[in-house]
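2 protein chains.
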Amino acid sequence: MRVLEDLEDFYYLMHPLRVFILVSKDGRGRVNFMTVAWAIPASSDPPMVAAAISKECYTLKALRETGEFVLAIPTVEQLGKVWKAGTLSGFKVDKSGIFKTRKALKVKVPIIEECIANIECKVRRMIDCGETMLVIGDVIAASYDEKAYDEKLRVQLYKAKILSHLQGKLFLLYEAKTYKPT
Amino acid sequence: MRVLEDLEDFYYLMHPLRVFILVSKDGRGRVNFMTVAWAIPASSDPPMVAAAISKECYTLKALRETGEFVLAIPTVEQLGKVWKAGTLSGFKVDKSGIFKTRKALKVKVPIIEECIANIECKVRRMIDCGETMLVIGDVIAASYDEKAYDEKLRVQLYKAKILSHLQGKLFLLYEAKTYKPT
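From first to last, the protein sequence lines are chains A and B. Position one of the first sequence corresponds to residue 6 (this note's numbering), numbered consecutively onward. Position one of the second sequence corresponds to residue 6 (this note's numbering), numbered consecutively onward.
Think of the hints as simulated: they come from the structure by calculation, not from any bench. Each hint should be verified, as a subset may be incorrect.
Copies of the same chain are indistinguishable here, so a pair counts whether it falls within one copy or spans any two.
Under the rule of at most 27 Å between Cα atoms (straight-line distance), these lysine-lysine pairs were calculated in the DSS-like manner [as the list claims (entries may be wrong)]:
1) 127 <-> 174
2) 164 <-> 127
3) 185 <-> 152
4) 174 <-> 157
5) 185 <-> 97
6) 182 <-> 89
7) 108 <-> 86
8) 185 <-> 164
All chains should be modelled from the sequences, with the hints used to inform the complete structure.
Structure representation (structure tokens):
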């Protein structure tokens, strides 16, 4: 075992992590997309998510203005768009055209048509976490592509190649094979 | 797109998610292991993690008593142990013998010898999130197996087959191939 010298690098040890697109809308109605790998379900009952996003990002401004967001699940087919959404800043560029969108079920923020699932959320609270705000959201609706998930809501990896982020420009896919403990 | 009927199932849409072992120690000094898939880095500077754990679990009692934990990264070689740690309750069973441990660098909780990385944390705060507590921890030390990570701290997937949890008894591994946006 080697000691990690620079503790700020600890998160590399936890990567790869799943990639999501956080869709938001600012007070003037402009849609924004941001790539996030630091997002998890926070609770099933009631349904809640948590996502750590940089304090510097445009998304935070939009969330403060309108209080709603969508967590969408992209696949490798959208990798170029995922990269754009994750590297361009909404303060400098209008990112609203990156993905194709459609009306959501319950929130005013749109969902991403090309994504295999869209989870619609309302901001419950934001927690100051150093360089990020940890956004906690109530899940108020969700929809999914029934070709990408089986009847038990397990993603079908040979059909939907979901992305994880390793580091920098490097992304990973899962093997389409499951393992069981014995 | 199909509407998700039972919103409490939304987290299936976000899985698979990476698997970590949360190591804790209760006030009487007994070590406990718990499998968590709902964990992320929360900040790099200062280094912080966030993990959502059930309010029913023994780990929460231990965290309240001693305020320290380790997030360890297992591989498929420990899948049987990962399953045990995730399905047995510390209230009913002494799980302290599941993994081989050794002394940590900075916390009193031990690290897992068989894991490729161990991130040592002190509880900063806990946030009530429905059925879970979202535990936010300050990372105060970390160590890793230099054979499992390259010089840029990228996990070497052909050497270290890290686990993700799909659903129930089903786990997944990554392809040992990286993808880049074009």
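Taking 27 Å as the upper bound on the Cα-Cα distance, should residue 127 and residue 174 be classified as within, between, both, or neither? This pair counts as neither: shortest intra-copy Cα distance 31 Å, inter-copy 32 Å.
How would you classify residue 108 and residue 86 at a CA-CA limit of 27 Å: within, between, both, or neither? The answer is within: 20 Å in one copy meets 27 Å, while 45 Å across copies does not.
Residue 185 and residue 152: within-copy, between-copy, both or neither at 27 Å Cα: both (24 Å within a copy, 25 Å between copies)
Given a CA cutoff of 27 Å, do residue 182 and residue 89 count as a within-copy pair, a between-copy pair, both, or neither? Intra 30 Å, inter 21 Å, cutoff 27 Å: inter-copy only.
Have a look at residue 185 and residue 164 and pick one of within, between, both or neither, based on CA distance no larger than 27 Å. both (21 Å within a copy, 20 Å between copies)
With 27 Å as the alpha-carbon cut-off, assign the pair residue 164 and residue 127 to within, between, both or neither. Neither. Shortest intra-copy (30 Å) and inter-copy (41 Å) distances fail the 27 Å Cα cut-off.
Please sort residue 185 with residue 97 into within, between, both or neither, judging by C-alpha distance up to 27 Å. For residue 185 and residue 97, only the inter-copy Cα distance (24 Å) is at most 27 Å; the intra-copy one is 47 Å.
When no copy is specified for residue 174 and residue 157, does a C-alpha distance of 27 Å or less occur within a copy, between copies, both, or neither? This pair counts as between: shortest inter-copy Cα distance 13 Å, intra-copy 33 Å.
In terms of the numbered hints stated before, the structure departs from hints 1, 2, listed from lowest to highest.
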